[in-house]
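For the working numbering, count along the sequence shown from 1 and bump the result up by 1.
Read the hints as simulated data drawn from the structure, not as lab findings.
Just so you know, even glycine gets a beta-carbon here, dropped at the ideal spot from N, CA and C.
It is possible that part of the hints are untrue.
If you anchor each label on the Cβ, the simulated ranges turn out as follows [claimed, not checked]:
id: 1; residue 1: R64; residue 2: R19; range: 18 to 28 Å
id: 2; residue 1: D149; residue 2: N28; range: 28 to 38 Å
id: 3; residue 1: N114; residue 2: R19; range: 28 to 38 Å
id: 4; residue 1: D159; residue 2: Q93; range: 20 to 30 Å
id: 5; residue 1: G18; residue 2: F174; range: 18 to 28 Å
id: 6; residue 1: N75; residue 2: N114; range: 56 to 66 Å
id: 7; residue 1: N114; residue 2: Q173; range: 19 to 29 Å
id: 8; residue 1: N181; residue 2: S9; range: 11 to 21 Å
id: 9; residue 1: G184; residue 2: N32; range: 33 to 43 Å
id: 10; residue 1: S129; residue 2: G184; range: 17 to 27 Å
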Amino acid sequence: VFEEPSISLFALEHCEGRELHLEDAVNSVLNKDLHFYTQSVSQSVWVKSGLWIAYEGSNFLGRQILLEPNEIPNWTAFSGWKTIGSLRPMKQPAVYIRIKNRAQDEYLTVTGNIADTRATSVCVSPYSGKTTQIWHYCRGLFKSKASDTCLDVIGGRDTPGAKVALWTEHGQFRQKWRLNRNGTISSYLSDQLVLDVK
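Start from the sequences and build out the full structure, keeping to the hints where you can.
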């Protein structure tokens, strides 16, 4: 539920050769603007995250297959199709969560004047039950339910110790985050940068 969709199509079997990486729907894999030319579009597929629907035809028409995270070394043997015409990720429901620092047993909280974006910040505090501790996670963004602003790495610095603030949504990588299976939250700027809630 928490993974942002990511899929790669490969020109050769066993996820080798030219790669077409997608994170959004594409209505025609054969679209010349994608610059992915092979005789049969894709020989192999790697669903890195999320659930995807593969359509045999373009414009989301024809037979469909639900794809889960997995490497598919031979697309034709797997599906019986020669091509993938179009792809789209499954829509995910809105997810509201609290972000907890397990060591301190406190939650990421919006503080300050909620009406003024420049006067807000984030800190950790004990559980309050208020919307200032609730975050909406969608498309890789953590958006505060109270202030409608997103967690943002200040200046987009991809170095340890970079500060995080709240900012109006712009969707650049410095606002995007991954929820990892081990409970950490890493920045799209670098897998080595994790959110350290102090």
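Each hint tested on the structure:
1. R64 to R19: 18 to 28 Å: Check passed, 25 Å falls within 18 to 28 Å.
2. D149 to N28: 28 to 38 Å: About 31 Å separates the Cβ atoms of D149 and N28, which means 28 to 38 Å holds.
3. N114 to R19: 28 to 38 Å: Roughly 51 Å apart at Cβ, these two residues miss the hinted range, so it is violated.
4. D159 to Q93: 20 to 30 Å: Cβ of D159 to Cβ of Q93: about 27 Å, so the range 20 to 30 Å holds.
5. G18 to F174: 18 to 28 Å: holds, 27 Å
6. N75 to N114: 56 to 66 Å: holds, 58 Å
7. N114 to Q173: 19 to 29 Å: holds, 25 Å
8. N181 to S9: 11 to 21 Å: holds, 20 Å
9. G184 to N32: 33 to 43 Å: holds, 39 Å
10. S129 to G184: 17 to 27 Å: holds, 22 Å
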